[in-house]
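Asks: Going line by line, the protein sequences match chains V and U.
Just so you know, we're using this note's numbering here: the first sequence kicks off at 4 and counts up by one.
Just so you know, we're using this note's numbering here: the second sequence kicks off at 400 and counts up by one.
Don't take every hint at face value.
Taking lysine to aspartate or glutamate pairs in the EDC-like style, the calculated list, with each CA pair at most 20 Å apart, reads [stated by the list, open to error]:
#1 V:K313 to U:D480
#2 V:K289 to U:D547
#3 V:K289 to U:D482
#4 V:K266 to U:E464
#5 U:K579 to V:D300
#6 V:K313 to U:D547
#7 V:K258 to V:D300
#8 V:K335 to U:D547
#9 V:K181 to U:D561
#10 V:K313 to U:D489
Between beta-carbon pairs, the in silico distance windows are [what the hints assert, rightly or not]:
#11 V:N287 to U:D561: 30 to 40 Å
#12 U:D561 to V:D212: 40 to 50 Å
#13 V:D223 to U:G546: 19 to 29 Å
The set of hints was computed from the structure by calculation and includes no laboratory data.
A virtual CB, placed ideally from N, CA and C, is assigned to each residue, including glycine.
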Amino acid sequence: MKQLFLFSLSLAIAFCAQAQNPVQITSEGAVGNLIPIAVPPFAGDASTAQMARDLSGVLAYDLEYTGLFTIVQSNQFPANFQGMTQDFNAINFEAWRATPAEHLVYAYIFEQGGKIVAQCRLFDVLVSQQIVGQQLETDPKAWRRLAHKFADEIVRFLTGTPGAADSEICFSAGANGKKEIYVADYDGGTVRQATQHGSISIKPKFSPDGRKIAYLSYKDRFPFLYILDLDTGVSTPLSKRVGLNNAPAWAPDSKSLALCLSKDGNTEVYAKNADGSGERRLTNDKGSDTSPSFSPDGGQIAFVSDRGGKPDIWGMGADGGNPHRLSTQGGKSYDPAWSPDGNSIAYVVERSGEGFEIWAMDASGGNARQLTKSGGSNESPSWSPDSRNVVFGSSRSGGWQLYGVTVETGVVHPVPNMSSLRCEGPSWGPRRSK
Amino acid sequence: MRLENPMNTGVVRTAAMMALVAVLLTGMTGCKGKKNTAIDPNLTNGNNSGGSETSSGNEMPEMNEAWLFSPATGLQAIYFDYDSYDLRTDALATLRDNADKIKNVPNSVIQIAGHCDERGTQEYNLALGEKRALAVRSHLMNLGVSGDRVVTITYGEEMPADASSNEAAWAKNRRCEFNKAM
């Protein structure tokens, strides 16, 4: 009897230990109907057992982050549950039906031919059946992608639209006067430094094809724009005009960009090709125009202009025609980001007596709604590839960190795994293709 | 006899400057700062032929670049209100002094660096820092400084003087600094 008690206790400790990516939710919004799903620890062979347990934590985070699921906690698992095995006939669905779980995820992880292989399964608890099965493999360095990819497949199966967990963010991090560009999984995993300039390098923007990053750097002493090729690691100049070269924004084809230059007196929006050729001016106004963002069809540009007396979000054709004001909620508006589905624009609003908060509005300008209410500064919104979440930089905890907000619910997650870095100015890349 | 450069600024304030004036008026040399302060021999009725500052025995600082960019004696930073590039009254006074000093070191090229506090987005603050620097450059030109002697750069919110997040730090960070152009 005593032995059994000890065993249960150690099992409980094991379950607690596997939750190594606890989802910390600071709810700034309401949570609606969520799908309850259980993600018990994955198993592996001798060399992959730890990785398997870590992957179940990564996948649970991925699912919760979508805003579609609630993760059934291990203390709600069936009383006699002793972990999953490869014998799926042994799953006691009746016991699982007594828990809140409607779905159950399991994967077996092993090494084969230098690759990490995951046999992933999604079970429907209510009908006692496996409903998705997928074998995935990856380079060992990219092991976390196994969880991201299966999470995306689960979302695709249950909603008809794939998730966006297998995607990356780029951002700047470092101390004042010395910031570099970094790339990480969207959840902050597998952080890697992308520049080594020893200067101020900030505001990276992922190209829509995920192959390049445009950014601003003082590496040649002045604020110039560069494009980093992620395949070669080589940075080439995009714009080195006199004055300020600022706010690059990729066109959807990843071949041209909008950018902001002050060479003609005040800051105006220009467009040019990614190779640096073909510069043309898009705005002509006494006001200051900055922070462009393309619509996903490439036909429109949202940007910040103070031509109306204060900074507001304006829209115009991609050729600069028909400028019209979009933000009407009052206060000052900055940093527009057009959603990949084309429906919404996320932006930053500063209202008197409040901090800088993330808002979203319809792309046509109406239906403005506030997404964050933290006070302090929340800046640089960038959409997930599935247009469900927005990542942003925030000073809410004192130093600068990255957070995500689920647009529909207003639930805010800190981007985990990066607490040692002072991060800001995130940009969310596309779903990874390979 | 009239000195074209240092004397017609009208605002020569320090005893050191008075001493320099005296030296130049008496045709003495020994100051590197005099290089381009040509004395126009055709003008003899200058209104700056002050006779009182004749104490040529005083120690006189060299008005060179080391002096111009020294934190103690040189060009002083100016400060702005939040989200503004208007030049405040205190900034205008500092800029008058700065313009005089710049004109006393004629070959030096000055970089005006515009800075912001951390509030506001990085992109917006880069543009705001640029506007602050350009506003200062324009005002210095109005005060008689040649435009080709002042260049600008913006650092937005990237180089705070005080990295704290409070009103006192923000007030110190909304500034333009004057450095030697590289």
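Asks: If you check each hint against the structure, which ones fail?
Replies: 2, 4, 5, 6, 8 and 10
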